[in-house]
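Asks: Generate coordinates for the entire structure from the input sequences, incorporating the hints supplied.
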Amino acid sequence: DISTAPWFDGEYKSARVQKRKAEKQWKKSGLEIDKSIYFHHQQHCNKLAATKKKSFFKKTFTKYSNSQKSLYQFVDNFLDKDNALTLPSTENIQNTVSQFNSFFSEKIERIRAAFPDNP
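Sequential numbering from 4 applies to the sequence shown in this note's numbering.
Don't read these hints as lab results, they were simulated from the structure. Relax, there's no trap hidden among the hints.
With a Cα cut of at most 27 Å, we get these calculated DSSO-like pairs of lysine-lysine: (1) 62 x 50; (2) 24 x 55; (3) 57 x 84; (4) 50 x 30; (5) 55 x 38; (6) 27 x 50; (7) 72 x 61; (8) 66 x 55; (9) 72 x 56; (10) 55 x 27; (11) 84 x 66; (12) 62 x 84; (13) 24 x 50; (14) 72 x 55; (15) 16 x 56; (16) 50 x 61; (17) 16 x 61; (18) 16 x 66; (19) 50 x 31; (20) 56 x 84; (21) 72 x 62; (22) 16 x 62; (23) 56 x 24; (24) 31 x 16; (25) 16 x 30; (26) 72 x 57; (27) 50 x 16; (28) 72 x 84; (29) 38 x 50; (30) 61 x 84; (31) 16 x 38; (32) 66 x 56; (33) 55 x 84; (34) 50 x 66; (35) 38 x 27; (36) 57 x 16; (37) 24 x 38.
Derived DEER-like restraints, expressed as beta-carbon distance ranges: (38) 62 x 16: 18 to 24 Å; (39) 46 x 105: 51 to 57 Å; (40) 50 x 111: 47 to 53 Å.
The beta carbon of each residue, even a glycine, is placed where N, CA and C say it ideally should be.
Replies: As structure tokens, this is what we get:
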């Protein structure tokens, strides 16, 4: 979600609000001048977002430049890399194996049923 991005601040939020207002005005009126105003706001928002992202990452990389470990931790956290694998519970392994088997067997049957019969 963009509103939770670390570079999303009041200035950028205000620019987006202005862009949406201009877009609504253009859609409502259909006038070429309103379209031009909207595209101007859109370009401003795009440039502002790019500038803010670049500034955020530059500051962060500078902050962690002394510690490679901290830099990698930041990148992994930012990319939402979780080392833990999410596996089904193994309370009843036989039941889990049967569920996987049934799922794939039924899937193959549905795929085969979708093909026309060969004469």
